[in-house]
Amino acid sequence: MTISSSITNDFTNKLALKVITGLNNFNMKKVKQMTQAAEIAKATYVDIAADINIINELRSNSTIPICVSSISAQTLIKCQKADVQILEIGNYDSFYEQGRLFSSKEIMNISKDTKYSLPNTTLCVTIPHVLRVEEQIELTRDLERIGVDIVQTEGKSTSLSKNGDLSGIIGRAASTCSSTYAISQNSNMPIVSASGVSALTAPISFLYGASGIGIGNNIRQLSNITSMAMYIYEIQTAIENNRSNKQDINHSISRSSINCNLSPSKIKVHNKILQ
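According to the working numbering, the sequence shown holds residues 3 to 277 in order.
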C-alpha cells in the first residue's frame with residue numbers, strides 16, 4: 003500500500019473527504035475557488051483535471067494534497083512529475099454522455115500501465131457502475147493484486163437523470179452505496195463513494211463500508227468560496243453526527259440473492275444489496 007502520508011489518517015479513520023473540481027473543468031477561477039474552499043474546510047484532498055497549468059497554479063497558492071484524474075496512463079505519468087499526491091483513473095461521466103463505456107479489461111490495462119510506471123505513487127481507480135456487481139468485485143480484486151491503493155465507486159451517470167431531480171440524486175447514491183457495500187465485503191481496499199453525495203447521503207456511504215467520499219457537482223453550482231466551504235462543513239457535520247450515534251446497517255433491504263458466475267464460492271454479497 004502506497005497511500006500518501008498526508009491523507010493516510012483520514013482514510014484509516016474512515017473520514018476522507020475529497021472535493022472534485024471535475025475531469026473536464028479547466029476554468030481556473032472555479033477550480034481555485036473550490037480548492038480554497040476545500041482547504042478552508044480542511045477537506046482531505048482535491049481531485050482536479052490532469053492539467054499541468056492548473057496543478058502549478060494550485061501548488062503556488064495552496065497546500066492541500068492534489069489528485070489528478072484521467073483515463074490516460076501517459077497523462078497521469080506526466081502529471082506526477084508536477085508533484086501531485088494521488089493519481090486517479092476515473093471520473094467517467096463526460097465519457098458516458100458521449101456513449102463511451104469502459105470494460106474491466108480496459109480499466110486493468112490503463113491501471114497496469116500507470117502502476118508499473120509509477121510503483122510508489124498512490125493510485126486510485128474508479129470502478130465503472132455499468133459493470134455487474136460481481137464484475138465490480140472481481141475487478142477490485144484484480145486491481146488489488148497489481149498494487150492499486152484505493153478504489154472509487156460511482157452511481158448512474160448524471161446524463162441518465164435530470165439535473166436537480168431528487169429521485170435521480172437518490173438513485174445515484176443508492177447505486178454507489180450498493181457497489182461500496184458489495185466491494186467492502188469482498189476486499190480490504192479503501193473505498194471512496196462519489197456519486198449523489200450530500201449531507202443526507204454521505205453518512206450512508208460510510209455505513210456501507212466507505213473510507214471516504216467525493217463531492218463535486220453540488221459545490222460547483224455555488225458561486226463563492228464562503229458558500230462552498232459552508233457546504234463542505236455541512237457534509238462533515240453530518241458525518242460526525244452519524245459516527246457519534248454509532249449506527250449499523252444490520253437490516254435487509256432486499257432478500258433477493260445475486261448469482262455470481264465468476265467465483266460464487268468466494269464472492270460475498272450477504273443478500274443486502276441496496277436496490
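In case anyone wonders, no lab produced these hints; they're calculated from the structure.
One should not assume that every hint holds.
[Unchecked claim] Result set (DSSO-like, lysine-lysine): computed pairs, CA atoms no more than 27 Å apart in a straight line: (1) Lys114 x Lys80; (2) Lys83 x Lys32; (3) Lys83 x Lys114.
Inset, instruction - May I ask which of the numbered hints given earlier this structure violates, with the numbers listed in increasing order? - result: none
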